[in-house]
Amino acid sequence: MIALLLRDLKLAFRAGGGFGLGLAFFLIVTVMVPFSVGPQSELLARIAPGVLWLGALLACLLSLDRLLALDWEDGSLDLLATAPLPLESTVTIKALAHWITTGLPLVLAAPVLGVLLNLPVQGFQWLVVSLLLGTPALSVIGTFGAALTVGLKRGGLLMSLLVMPLYVPTLIFGSEVARRGAEGMAVQTPLLLLAGISAASIALLPFASAAVLRVNLR
Amino acid sequence: MSIWEYANPKKFLATSEKVMPALWISSAVLITVGLVWGFFFTPDDYRQGSTVKIIFLHVPSALMAINAWFMMLVASLVWVIRRHHVSALAARAAAPVGVIMTVIALITGAIWGQPMWGTWWAWDPRLTSFLVLFLFYLGYIALWEAIDNPDTAADLTSILCLVGSVFAVLSRYAVNFWNQGLHQGASLSLDEKENVHDAFSSPLYVCMAGFVLLFLALVLYRTGTEIRARRIKALMARERLEA
Chain A
1 MIALLLRDLK
11 LAFRAGGGFG
21 LGLAFFLIVT
31 VMVPFSVGPQ
41 SELLARIAPG
51 VLWLGALLAC
61 LLSLDRLLAL
71 DWEDGSLDLL
81 ATAPLPLEST
91 VTIKALAHWI
101 TTGLPLVLAA
111 PVLGVLLNLP
121 VQGFQWLVVS
131 LLLGTPALSV
141 IGTFGAALTV
151 GLKRGGLLMS
161 LLVMPLYVPT
171 LIFGSEVARR
181 GAEGMAVQTP
191 LLLLAGISAA
201 SIALLPFASA
211 AVLRVNLR
Chain B
219 MSIWEYANPK
229 KFLATSEKVM
239 PALWISSAVL
249 ITVGLVWGFF
259 FTPDDYRQGS
269 TVKIIFLHVP
279 SALMAINAWF
289 MMLVASLVWV
299 IRRHHVSALA
309 ARAAAPVGVI
319 MTVIALITGA
329 IWGQPMWGTW
339 WAWDPRLTSF
349 LVLFLFYLGY
359 IALWEAIDNP
369 DTAADLTSIL
379 CLVGSVFAVL
389 SRYAVNFWNQ
399 GLHQGASLSL
409 DEKENVHDAF
419 SSPLYVCMAG
429 FVLLFLALVL
439 YRTGTEIRAR
449 RIKALMARER
459 LEA
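For the record, the sequence lines run as chains A and B.
For the first sequence, the residue numbers in the working numbering are 1 to 218.
For the second sequence, the residue numbers in the working numbering are 219 to 461.
No wet-lab data here; the hints were simulated from the structure.
Computed from a predicted structure; not experimentally measured.
Do not take every clue at face value.
Said to hold, decoys possible - Keeping only pairs whose Cα atoms sit at most 25 Å apart, straight-line, the calculated DMTMM-like set for lysine to aspartate or glutamate is:
1) A:Lys153 to B:Asp369
2) A:Lys153 to B:Glu457
3) A:Lys153 to B:Asp366
Unchecked claim - Among chain A residues calculated to face chain B with C-beta under 7 Å, some are:
4) Gly156
5) Leu162
6) Val215
7) Leu217
We treat Cβ as the ideally placed atom computed from N, Cα and C, and that holds for glycine.
Chain A extracted, bound-state conformation (with noise of 0.2 Å):
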């Protein structure tokens, strides 16, 4: 498992990998934010979490293509099933490797980005604790879109309009936290339903990606 790991983290950092595209694309939506809707600071102190999150759920979305798709493509995924490795973890590494690379990078950028978005100094902890508890599960239900379109030659626009509406509920908590915390109010009760969305997501939905990558392995 740690094997696989490391060959996807590398795989990733290297040149091609395509490491850093979904930071760049979260930098570019934060930065157009403010051409679209006006720079006075209060809107933009606002509607600053909402607009995080959402760049951070875009760039996870985008980044989703090449999770499974080159490993279909060149065939090491037909190895990966045969491997003694139930590809139930080889799935959930899948999706830890894409969270090390999108995911984690994507929390790390955020207080930045909210320097920008002209975010309340109270807001940048919740906003950093709440895409810390969600962006693992927006990389687990991606995984599971990654791996229904798999076999699809143009399934990006298609794994977009099934993945989406699995995001709901982490999107709905996950900025409630941080629009809380960034307004000062109490965030106990969205950061544990957002907390549970997350450990429910990693539990149960590798069980789902494999048996849909099993069908489309066939």
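Knowing the structure of chain A, use the given hints to seat chain B on it.
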């Protein structure tokens, strides 16, 4: 005599053809009676005036929008567990009907909401969760359309339906948490004291029964079409093989 006999497409087609005329006629009669009764023979509401009468379209279509998804869930489970092709095709056939019902519910809701709430659309939990349900339907249908191999498509969509159901329920409660609503509570429920008044509820029940039968007729009809399309495909493949 068990329900699994209808896993045989031939038997399914024979029986559904026998049942369908009765379904079409009774649903047409029930919907006509319900709507005419509802529109012309019920009193105006003392606050909402005659706009209240759109309830006779709104509630039945919303009911079927949710139950169509539920039917797809059951059919998907049957496909995953027992692998009866008719069941997978029935799930496929139900999706477009469900999405149309969702759209009808959303549009009639908007038309009703405009004079009552002063807005066509509000991010109310019920409205929002219906919109999310609409998106789930779109994804489900798009996945069916995208995959060539019918068995693969059936497998993938059924798993999507199972996972989607869990997330659809989650979203329903998440949006409840996220915004307090404008929408009134359930129009009809067994355990509540305050329901819609009897003058409205009787034609409403008639309309709901009509919509249920209409849904059944449409799904049976579309499933039959799917089975025949599958047969034509098989025949054409065989001819190509022999030529």
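Here is how each hint holds up against the structure:
no., hint, in the structure
1, A:Lys153 to B:Asp369, "holds (18 Å)"
2, A:Lys153 to B:Glu457, "violated (28 Å)"
3, A:Lys153 to B:Asp366, "holds (11 Å)"
4, Gly156, "violated (11 Å)"
5, Leu162, "holds (4 Å)"
6, Val215, "holds (4 Å)"
7, Leu217, "violated (10 Å)"
The structure shown violates the earlier hints numbered 2, 4, 7.
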